[in-house]
Amino acid sequence: LKVLPQTSVKLEIRSSYINYYNPSTASLVTGVPARPNLVLPSSVPLRVTLGASTLIVPALGLTAYAGYGNSFEIGVDGSSLLTKTDTSYNNFLAGAEVRVRLIGRMRLALGYARDFYDSIFASFFTDDRLYLDYDHNLWRGLSARVRFDTYFRSYGTLVDPTFLGYTGYGGNATTRKDVLLNLSAELNYRVLSWMQLGVSYSLLDDITDFTFISPAIGTVNAAFIKHAVLGKIDIAY
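With the first letter of the sequence shown counted as 1, position 90 gets the number 1487 in the numbering used here; the numbers rise by one all the way through.
Incorrect hints may have been included.
Claimed, not checked - Straight-line C-alpha distance at most 25 Å; calculated DMTMM-like pairs for lysine to aspartate or glutamate:
id	residue 1	residue 2
1	K1629	E1583
2	K1407	E1583
3	K1629	D1602
4	K1623	D1532
5	K1399	E1494
6	K1574	D1525
7	K1407	E1494
8	K1629	D1546
9	K1407	D1525
10	K1574	D1603
11	K1574	D1524
12	K1623	D1603
Calculated directly from the structure, the hints in this document are not laboratory data. Please read all numbers here as calculations on a predicted model, not as lab measurements.
Use the sequences and the hints to build the structure in full.
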């Protein structure tokens, strides 16, 4: 709903249905007994948010929203891989972004967002994300983008480790928290009015002291570093 020439209000309601198949075996590592009767519960996540976006001055814009989210876990009982019944996310959602147009070809955005997501490691996980996004139109159809994200990730009720092929969690942990750092750079070139070529690189570093116990190789650290290089072709018609 547009309420002023440069201001709009948005109500968003999102829902979905998530269901996991019942695996014929829960063992991923040799030596761990299969547990075919254990399944992850289904869920019907719901998000309701209300926000506003405005242009304060031609070079400065602001967006903010807040709302409620619930993962609505279904089927949490004695046959579930989850060890507790209070497994659903039931909390607030929020986000804010400040956009600055430095000159005609340069745009900078700083923001925060809180949301929850489905996971095979737990009933859900939440992300409190801080990000910095920079876009630059270098020359005619050539543009570049650099983005840095920091995720403060917290997992809900952890699944039974045997489902993942492990005999336990390090230190008999019952909770898990990660900090993820992601840096990405992208270069795009519009070859024709209807075609754009691009290449991107991203580096993701998951920082956590959480570990798994494997019967075959011992302690396995959940932390990792991931590199990704992607190419793309965008065609519009």
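I'd like to know which numbered hints this structure contradicts. Please list them from smallest to largest. Going through the list in order, the structure violates hint 2 alone and respects the others.
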